[in-house]
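Since the structure of chain A is provided, determine the placement of chain B on it from the hints.
Top line first, the protein sequences correspond to chains A and B. Take any residue in the first sequence, note its place counting from 1, add 2, and you have its number in the working numbering. Take any residue in the second sequence, note its place counting from 1, add 6, and you have its number in the working numbering.
A few of these clues could be false.
Stated by the list, open to error - Example chain A residues on the side facing chain B (calculated, C-beta under 7 Å, incomplete):
# : residue
1 : P103
2 : A138
3 : G143
4 : P156
5 : Q157
6 : L159
7 : G235
8 : L236
Stated by the list, open to error - Each pair of labels, with its calculated beta carbon distance range:
#  : chain 1 : residue 1 : chain 2 : residue 2 : range
9  : A       : L26       : B       : H79       : 50 to 58 Å
10 : B       : K117      : A       : A130      : 26 to 34 Å
11 : B       : H223      : A       : P234      : 45 to 53 Å
12 : A       : K226      : B       : T36       : 51 to 59 Å
13 : A       : K226      : B       : D95       : 28 to 36 Å
14 : A       : P96       : B       : S23       : 56 to 64 Å
15 : A       : L81       : B       : D95       : 46 to 54 Å
16 : B       : S148      : A       : P42       : 36 to 44 Å
Keep in mind that the hints were calculated from the coordinates and are not lab data. Where a beta carbon is used, it is the ideal one built from N, C-alpha and C, also for glycine.
For reference, the chains in residue letters:
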Amino acid sequence: MIDELRAFWEMIWPEMGNGLVVTLQLSFGSLFIGLIIGLPVALVRVYGPSWLKKLATAYVDILRGTPLLVQLFFIYYGLADQNLNALLLTLGLPDKLLTFPPFTAAYVALGLNSSAYQAEYFRGAIQAISPGQMIAARALGMTRLQGILNIVMPQALRLALPPWSNEAAYMVKYTSVVYIIAVPDLFTETRRIISAHYNQMLMLPFVGFIYLIMVLVITWIMEKIERRLTIPGLEVEAQRL
Amino acid sequence: MTEPIVRITDLHKTYGSTEVLKGVSLDVATGEVLVIIGPSGTGKSTLLRCINLLTRPDQGRIWVDGDEVTAPHTDINKIRTKVGMVFQDFNLFAHMTALSNIMIGPIKVKKMPKEEARELALYELKRVGLAEKADAYPGQLSGGQKQRVAIARALAMAPKVMLFDEPTSALDPELIGEVLEVMKELAHEHMTMIVVTHEMGFAKEVSNRIIFMEKGHIVEEGPPRQLFYNAQNARTKEFLGKITELYGEEQE
Chain A
3 MIDELRAFWE MIWPEMGNGL VVTLQLSFGS LFIGLIIGLP VALVRVYGPS
53 WLKKLATAYV DILRGTPLLV QLFFIYYGLA DQNLNALLLT LGLPDKLLTF
103 PPFTAAYVAL GLNSSAYQAE YFRGAIQAIS PGQMIAARAL GMTRLQGILN
153 IVMPQALRLA LPPWSNEAAY MVKYTSVVYI IAVPDLFTET RRIISAHYNQ
203 MLMLPFVGFI YLIMVLVITW IMEKIERRLT IPGLEVEAQR L
Chain B
7 MTEPIVRITD LHKTYGSTEV LKGVSLDVAT GEVLVIIGPS GTGKSTLLRC
57 INLLTRPDQG RIWVDGDEVT APHTDINKIR TKVGMVFQDF NLFAHMTALS
107 NIMIGPIKVK KMPKEEAREL ALYELKRVGL AEKADAYPGQ LSGGQKQRVA
157 IARALAMAPK VMLFDEPTSA LDPELIGEVL EVMKELAHEH MTMIVVTHEM
207 GFAKEVSNRI IFMEKGHIVE EGPPRQLFYN AQNARTKEFL GKITELYGEE
257 QE
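Chain A extracted, bound-state conformation:
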């Protein structure tokens, strides 16, 4: 038994450890990219001038309406297109400007895709805040920006936490698509082990189990954060409605 465990450990280590690190990096990196793009997109969709609103809506629609895999292929293979490179050159830009190494392509694809979903979560949360909050802020003499930053956002971000933690859980699993462009994440490493040892009935449930643990840990952390940020009295009020 001990020997078998040792053999299993030697088979998976350090490859799966490295893969795990890559998966976590991709998850958090993409969530972060999604956040710093998604939040402004949401703000534009609620508060922006109408032409910018339309642009932001199109951005969200396209990224939510097309498969992540297609987006990843497009960013990795599509943008490396020779004709496009030639065009970039004639525009006076470096020809490899949009030709990304696998890691970068993965971050771009996952980050942009997530930004569209996050923008929708944030938009929903912002719109759920009673307009009276902004009116009261303006009546005090706050600028629109002050009202957004001090009054609307602190409430909206709390409302966005439950869907956002969903997005975090999805992201950990979605990162596995990057095996297709040979980013050495957890799943890519698992496939390598499977092709060397033909032990898919062991390795697939095992890697699934590792994803499950990651998702459970993230969900647990997010619940802690949600509880800590709960506004006293507000949950009672919500129940009354």
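Leaving out everything else, chain B in the frame of chain A:
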């Protein structure tokens, strides 16, 4: 006669195809308590919201404390600090304690140091009788307490005039008294107040002047005694009769 603190001339406002205000003119003197009454949908709230430009009028001009609110490049945020507003549904900032609700305006708008703002907020909370609720969140307060905090929040900006938009209409009957009490106190301190309300007891007891509005016009105005007991316009009489029947003669 001194300059009026609020002057409104020929105010018009149309929403879609409905003309809500059809040429309202009004002067409010410093220290005056003006009550605006009238059936719903006659532009009372719109009139209030025009004064601090929460609603932009289509036509007409408004001055507050000598500054023209409706001038093209006016600094509306600066004028709004002179105009306190209390809403029907309180609109306290849900994520902040009562104290922070009052502090945020002076800190963000007037750039007051935090410590000073805290002291001011505590003073204003005491003024509305809620010092012990400083750390409570709006969700932990009763409707009457919320509205008193909202009044304190407006007062912390040291406004020249206070606008009350049906401040007791969303309250349970037993909570109305405490809010009216605070408003009476303010009136005694000679705060200029423009109050849209159905509280006839308050109107009769506290106001200097009552305006009866209907269908976007000022139908009749005068001191409370005159309107209640000697109204000239048949509609005023009818409305006051109905509302007194509904809300009672004296309400505490």
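Checked hints:
For P103 of chain A, the interface hint is violated, since its Cβ never comes within 7 Å of a Cβ in chain B; the closest pair sits about 43 Å apart. At a threshold of 7 Å, the smallest CB-CB gap from A138 of chain A to chain B is about 4 Å, leaving the interface hint in force. Taken as an interface hint, G143 of chain A checks out: its beta carbon lies about 4 Å from the nearest beta carbon of chain B, inside 7 Å. Interface hint status for P156 of chain A: upheld, as the beta-carbon distance to the closest one in chain B is roughly 5 Å, under 7 Å.
Interface hint status for Q157 of chain A: upheld, as the beta-carbon distance to the closest one in chain B is roughly 5 Å, under 7 Å. Evaluation of the L159 of chain A hint against chain B yields a violated restraint, the C-beta minimum of about 10 Å exceeding 7 Å. Look at G235 of chain A: its Cβ gets to within about 3 Å of chain B, closer than 7 Å, so that hint holds up. About 4 Å separates the beta-carbon of L236 of chain A from the nearest beta-carbon of chain B, less than 7 Å, and the hint is met.
For L26 of chain A and H79 of chain B, the Cβ-Cβ distance of about 53 Å falls inside the hinted range of 50 to 58 Å, so the restraint holds. Taking the beta carbon of each, K117 of chain B and A130 of chain A are about 31 Å apart, inside 26 to 34 Å as hinted. Hint check: H223 of chain B to P234 of chain A, Cβ distance near 47 Å, so the stated range 45 to 53 Å holds. Judged by the Cβ atoms, the range 51 to 59 Å given for K226 of chain A and T36 of chain B holds: they are separated by roughly 55 Å.
Distance hint check: the CB atoms of K226 of chain A and D95 of chain B are about 33 Å apart, consistent with the given range 28 to 36 Å. Distance hint check for P96 of chain A and S23 of chain B: the Cβ-Cβ separation is about 58 Å, which falls inside the suggested range of 56 to 64 Å. In this structure, L81 of chain A and D95 of chain B meet the distance hint of 46 to 54 Å, their C-beta atoms being roughly 51 Å apart. A beta carbon spacing of about 39 Å between S148 of chain B and P42 of chain A agrees with the range 36 to 44 Å that was offered as a hint.
The structure fails to meet hints 1, 6 from the earlier list, while all remaining hints are met.
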